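Peer 1: Spelled out, the chains give:
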Amino acid sequence: AQSVTQPDIHITVSEGASLELRCNYSYGATPYLFWYVQSPGQGLQLLLKYFSGDTLVQGIKGFEAEFKRSQSSFNLRKPSVHWSDAAEYFCAVEGGSYIPTFGRGTSLIVHP
Amino acid sequence: SQTIHQWPATLVQPVGSPLSLECTVEGTSNPNLYWYRQAAGRGLQLLFYSVGIGQISSEVPQNLSASRPQDRQFILSSKKLLLSDSGFYLCAWASGQGEAFFGQGTRLTVV
Chain P
129 AQSVTQPDIH ITVSEGASLE LRCNYSYGAT PYLFWYVQSP GQGLQLLLKY
179 FSGDTLVQGI KGFEAEFKRS QSSFNLRKPS VHWSDAAEYF CAVEGGSYIP
229 TFGRGTSLIV HP
Chain U
1098 SQTIHQWPAT LVQPVGSPLS LECTVEGTSN PNLYWYRQAA GRGLQLLFYS
1148 VGIGQISSEV PQNLSASRPQ DRQFILSSKK LLLSDSGFYL CAWASGQGEA
1198 FFGQGTRLTV V
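Residue numbers (the numbering used here), protein chains in the order written: chain P, 129 to 240; chain U, 1098 to 1208.
Extracted from the complex, chain P is given alone in its bound form (with noise of 0.2 Å):
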């Protein structure tokens, strides 16, 4: 069964730090992966994905992340974070199974 591990349930960074959010996943193959951001009381929005190909994807609002097939990893990045980065991020893979599997999320703070 496919599974995907966020170690870090909240992580503090100050403005205009760089900032890396780790994922781990578990799975056969190679899955579908996926970020995701979370403001409060509001849905997700997809930030960026992997599906094949070049393995450092850009995404929406300055992120990126980085597939490592060697360590089953797909780690988020961003070089300079901004307040309104502020917010809920998931991990997410997807196997083949129609269902998505979520991380437990990692909670971002930042300090101006």
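Coverage of chain U stretches by chain P, computed from C-beta distances (three or more under 8 Å per stretch; other residues unrestricted):
1) 1141–1153
2) 1190–1197
Computed cross-link-like contacts, EDC-like style, restricted to lysine to aspartate or glutamate with a CA-CA straight-line distance of at most 20 Å:
3) P:196 x P:148
4) P:177 x P:148
5) U:1177 x U:1119
6) P:189 x U:1196
7) P:177 x U:1196
8) P:177 x P:192
Across the chosen pairs, the derived CB separations fall in these ranges:
9) U:1156 x P:138: 22 to 32 Å
10) U:1125 x P:179: 13 to 23 Å
11) P:183 x U:1117: 42 to 52 Å
12) U:1105 x P:188: 26 to 36 Å
13) P:198 x U:1123: 35 to 45 Å
Derived from the structure by calculation, the hints contain no laboratory data.
In this text, all values refer to a predicted model and were calculated from it rather than measured experimentally.
Cβ atoms here follow ideal geometry from the backbone N, Cα and C, with glycine treated the same way.
Use these hints to put chain U onto chain P, whose structure you have.
Peer 2: Positioned in the frame of chain P, the structure of chain U alone reads:
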């Protein structure tokens, strides 16, 4: 373009009362549909999913049920709410490659 509507946005219901949350999708046909519940700090818990009209799969046995009376309509119901049913409920539909599109969610408080 595809859109997903979920309502109501907030709901306060007494224990033992019934529940009906509705979700509709526009701009796509035969979508895979999902109901998730989100508890604080616990991520998304898949409750039900549907790959077609009348086809419902339950992931977690509980006090809730789901129905899909039309291709783009997905309903979450309960006959008698429990306090433990409180939470944030999210409806979603997914493309063939698993990319999910979410509604705005319903905050349910059972009192």
